[in-house]
Amino acid sequence: MSRGSPHPHPDQQPPQLTADMLARLKAGDKLCCRDFSDFLMAYLDGELGCDVACRFDQHLAKCPPCKTYVETYRATVQLAKESCCPKANPQLGKMPQELVNAILHAVTSEKKCE
Amino acid sequence: MTRGSENTSRLLKSSPSRTQPRSNPLPPIPDTRRTLSPVSRTPTTPATTAASAVSAATPPTAADERDLVARLQKGDAAAYEQVVRDNGPRMLAVARRILTDESDAQDAVQEAFLSAFRSIAKFEGGSLVSTWLHRITVNACLMRLRKKRRLDEVSLDGMLPGFSPEGYVTKPTDTWVDRPTSMEQAELRATVRAAIDKLPEHYRIVLILRDIEGLDTAQTASLLETTEAAVKIRLHRARQALRELLDPSLRDHPDPSAVPSVRVPSPKNQSASQGATKRPGA
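Taken in order, these protein sequences are the chains called Y and Z. Residue numbers 4 to 117, in the numbering used here, belong to the letters of the first sequence in order. Residue numbers 1147 to 1428, in the numbering used here, belong to the letters of the second sequence in order.
In short, the hints are calculated from the structure, not lab data. Please note that the accuracy of each hint is not assured.
If you only want the chain Y side, here are some residues facing chain Z, beta carbon under 10 angstroms, derived [said to hold, decoys possible]:
{"hint": "1", "residue": "28"}
{"hint": "2", "residue": "69"}
{"hint": "3", "residue": "96"}
{"hint": "4", "residue": "103"}
We treat Cβ as the ideally placed atom computed from N, Cα and C, and that holds for glycine.
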């Protein structure tokens, strides 16, 4: 297996990807940026074994683009939370009075029919 | 956002899960679209509104919860109104994120409340009422999406990072700008929300459920009727795609060859192009 293998399908199951990547690492291949990118979430969540995680640590220490990628990946997650959080963005949950009335009217009507 | 060097240890944890014991099964969501009450203005009592405002500001105690459930189960109209006013905004925010269409979102919230009140007699108090309502709302939204079965699903192609045949980065990476002023922050958040809306639906939904709503992998997999492994890979791809969409707008040193991928929606803004995929030589 070589680093030149095509980019996996976006939904390819992790176990298959993991086996392929592990096999390449064991065969002596260096960890490439694509592997680092594909398994970044598993790496950050602590789901990779110690040996593999150490290889990721080493790659990160030597690869400025991947280091920047990790920073911006984490920033992306944080931005998504901040941008959609109703507490920080109250306008996202602004509830029209008409909707409140419609809900209460529907509930009341149902109860009267019971 | 950070610039420059940073501790490279694995600091990003999984989204905190708002796990609550699922002792209250989710009630079925009936299709009430043809029977929904027409929107009408019904005056509410000022006292009820004031009570709702107070209860919304402070988290409920266990006694408050028990009292509320008891009142709901007795059919107390004031209790119903309190629940709608306290929880409606958050439920609507969730529905708007999942469904993107305002009319659908409002219908889903109405369905969720009706479904909840119909099954309140079975509520056993194993979770907070707000948590239970949140789950019902998410379920109602997902059911609507399944019924719609969008056939024009946008591909993720072009939204993922590019690599050389040897597996190395080809596109120059750059740090992102520091947090802008408060006015710029509002625009930034609008830009981020617009980018999320550009994601293909089944990646967008996973991102919303996991990173924004805080459901854990198991809960998300259950709601989406898929495997935990599928949820994990979709979440990662969704995050990668979102990063690619945001990169042209946030990078410290704009890439002159990049096409801006996301613009804040305006009345005349019809569509946005995808993230830059040009690959200068490594």
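Against the structure, the hints:
no., hint, result
1, 28, "violated, 12 angstroms"
2, 69, "holds, 7 angstroms"
3, 96, "holds, 3 angstroms"
4, 103, "holds, 6 angstroms"
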